[in-house]
Amino acid sequence: LAAFVVDVVVTVAVSLATQPKPDHELRGLVWGLTETRDTSAEEDPAEWVWWRRPALLGGIALLLTALLYLIFVF
Amino acid sequence: MFRVHAGAIDYAMLAIYFVVVLGIGFIARRQVHTGLDFFLSGRSLPAWITGLAFIAANLGALEILGLAANGAKYGVATVHFYWIGAIPAMVFLGIVMMPFYYNSKVRSVPEYLRLRFNDPTHVLNSLSFAVATVLIAGVNLFAMALVIRLLLGWPIPISIVLAAGIVLVYITLGGLSSAIYNEVLQFFVILAGLVPLTIVGLKAVGGWNGLQDKITQAKALGPLALEPWGGTGAGNVTNPIGADWIAIVFGLGFVLSFGYWTTNFAEVQRAMAAKNLSAARRTPLIAAYPKLFIPFLVVVPGLIAAVTVKGLGAKTGDLQYNNAVPILISTYLPNGMLGIAITGLLAAFMAGVAANVTAFNTVVSYDLWQAYVRKDEPDEYYIRFGRIATVLGIIVAIGTAFIAAGFNSIMDYIQALFSFFNAPLFATFIVAMFWKRATSWGGFWGLLSGTFAAVAVHFLHSRGPLDLGSPLAADFWGRWLPSWSTWS
Numbered sequence: 012l013a014a015f016v017v018d019v020v021v022t023v024a025v026s027l028a029t030q031p032k033p034d035h036e037l038r039g040l041v042w043g044l045t046e047t048r049d050t051s052a053e054e055d056p057a058e059w060v061w062w063r064r065p066a067l068l069g070g071i072a073l074l075l076t077a078l079l080y081l082i083f084v085f
Numbered sequence: 029m030f031r032v033h034a035g036a037i038d039y040a041m042l043a044i045y046f047v048v049v050l051g052i053g054f055i056a057r058r059q060v061h062t063g064l065d066f067f068l069s070g071r072s073l074p075a076w077i078t079g080l081a082f083i084a085a086n087l088g089a090l091e092i093l094g095l096a097a098n099g100a101k102y103g104v105a106t107v108h109f110y111w112i113g114a115i116p117a118m119v120f121l122g123i124v125m126m127p128f129y130y131n132s133k134v135r136s137v138p139e140y141l142r143l144r145f146n147d148p149t150h151v152l153n154s155l156s157f158a159v160a161t162v163l164i165a166g167v168n169l170f171a172m173a174l175v176i177r178l179l180l181g182w183p184i185p186i187s188i189v190l191a192a193g194i195v196l197v198y199i200t201l202g203g204l205s206s207a208i209y210n211e212v213l214q215f216f217v218i219l220a221g222l223v224p225l226t227i228v229g230l231k232a233v234g235g236w237n238g239l240q241d242k243i244t245q246a247k248a249l250g251p252l253a254l255e256p257w258g259g260t261g262a263g264n265v266t267n268p269i270g271a272d273w274i275a276i277v278f279g280l281g282f283v284l285s286f287g288y289w290t291t292n293f294a295e296v297q298r299a300m301a302a303k304n305l306s307a308a309r310r311t312p313l314i315a316a317y318p319k320l321f322i323p324f325l326v327v328v329p330g331l332i333a334a335v336t337v338k339g340l341g342a343k344t345g346d347l348q349y350n351n352a353v354p355i356l357i358s359t360y361l362p363n364g365m366l367g368i369a370i371t372g373l374l375a376a377f378m379a380g381v382a383a384n385v386t387a388f389n390t391v392v393s394y395d396l397w398q399a400y401v402r403k404d405e406p407d408e409y410y411i412r413f414g415r416i417a418t419v420l421g422i423i424v425a426i427g428t429a430f431i432a433a434g435f436n437s438i439m440d441y442i443q444a445l446f447s448f449f450n451a452p453l454f455a456t457f458i459v460a461m462f463w464k465r466a467t468s469w470g471g472f473w474g475l476l477s478g479t480f481a482a483v484a485v486h487f488l489h490s491r492g493p494l495d496l497g498s499p500l501a502a503d504f505w506g507r508w509l510p511s512w513s514t515w516s
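Chains as they are written, first to last, in the numbering used here: chain B, 12 to 85; chain U, 29 to 516.
Incorrect hints may appear among the rest.
Unchecked claim - In the BS3-like style, the derived pairs of lysine-lysine whose C-alpha atoms are separated by at most 25 Å in a straight line are: (1) U:Lys-231 / U:Lys-338; (2) U:Lys-338 / U:Lys-133; (3) B:Lys-32 / U:Lys-242; (4) U:Lys-242 / U:Lys-338; (5) U:Lys-133 / U:Lys-303; (6) B:Lys-32 / U:Lys-133.
The hints are simulated quantities; they were obtained by calculation from the structure and are not laboratory data.
Turn these sequences into a full structure, and let the hints steer you where they fit.
Shown next, in the form of structure tokens:
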């Protein structure tokens, strides 16, 4: 945890003191400059059935985790 | 003492497994035409394959034996390592981070840092990862040899060389595809070994209710050992796990687990091998489902061992906590099932070694050799180099295993080393991906100073001045897997 905090603080401090990279070099690498839309669906419509959607799969996994914890608490 | 009497049928299982594993290597060999085929399976695999490989790569035997040991020692709260300590990070990797990794077409985790920051950051991360991952492979080999000696009585050097040799052959032949298809197979073999063990063990202690009664009465565990969150109030920790909920949620659940799952290339590489972005994103998500239920096959046997094996928890000798699973295997399983269980453990070790070795050869070939030593060679050159890197990596891993056999405490040092590099890496990635103002040198100095901070905390703690509570609580703050540090 200490390593995490030190890393963030130093990164921010040094960044503020140095020149940032121009936006065009960061395209695809940073949030906000990246096309985050998942284009797999357009390439192959079969990818977009409901049980293949990442957000849904992730949500169910988190719900199941909470549920399993609840079983142990009660 | 726990030597099992393996019969012909058990050895037959083991032999069949070895033949199949090598066969997969030879079949995968025919698919390797380009460097991308060898190092990233040509980015062609469906999500369920990469998903199972993702979980198998993590299901190394250190993980199984270590977390069963924690189950025996600390009780049900060990499930935190599977649930809060893994699932949120895996979901985050799949939903938020994977588009950056996959769409930028980087071929490794360090390569992302090269594009986002600069060459020094890239070299720093590539070198530290290559060194740490090959040492971890060696530790895995040594741990495997210990278990095989306990169960079958084989000398340590023979197990190390045999297992390493098999992994070497199938990775050199088929590259990542070979490793991934084998990991899928290993996943099922591991399950086939653990499921009967859990069922037979539960039957012996009178089912789940019987187990609960016995744990409640056990002196070392008691009723709180049945509650993952009970007794974890800040400043008033009575749960055997010895850490409060803040340490569990932020130490384990956030920094350590996110650092491991989202930046460890041995894991992320499996997702990068997927055929498209959607499949890459689903890789860790599909892996999350088996991960949810694996504690029933690992922590539960640990609990069973805690109440059935007299004297478990000795500091030295055969009755150490880490031997909980092998002892159960030798106690409960008849011939035939015995062979499956031993094969399952071996499969787990080989999956762990193979995951590290494939990540190692990719980073050495693409991130070090191609990037800085020989830039413009034809594709075949890098495949050949990748095969040589595999051989060298395995030789170093074998060497590490032999050194570990000589000095037991070296395993702790290697695991500490790994944590030095891993913990700050997630911080660098999160800043890199979400703050576009972060500059190249900011990334470099941040990563370097974070690594030194991890080293400093480790030494302050091990030398005494810094008190972090129980050894396990200290692990939550300082490292990824506590089981690694309790292994010696």
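Evaluated hints:
Restraint check for Lys-231 of chain U and Lys-338 of chain U: satisfied, since their Cα atoms lie roughly 18 Å apart, inside the 25 Å limit. For the hint linking Lys-338 of chain U to Lys-133 of chain U, the alpha-carbon distance of about 54 Å lies beyond 25 Å, and the restraint is violated. Restraint check: the Cα-Cα separation between Lys-32 of chain B and Lys-242 of chain U comes to about 62 Å, which exceeds 25 Å; the hinted pair is violated. For the hint linking Lys-242 of chain U to Lys-338 of chain U, the alpha-carbon distance of about 13 Å falls within 25 Å, and the restraint holds.
Between the alpha carbons of Lys-133 of chain U and Lys-303 of chain U the distance comes to roughly 12 Å, so the proposed pair stays at or under 25 Å and holds. Proposed proximity of Lys-32 of chain B and Lys-133 of chain U is supported: the alpha carbons are some 20 Å apart, at most 25 Å.
Comparing the model with each earlier hint shows violations of hints 2 and 3; every other hint is respected.
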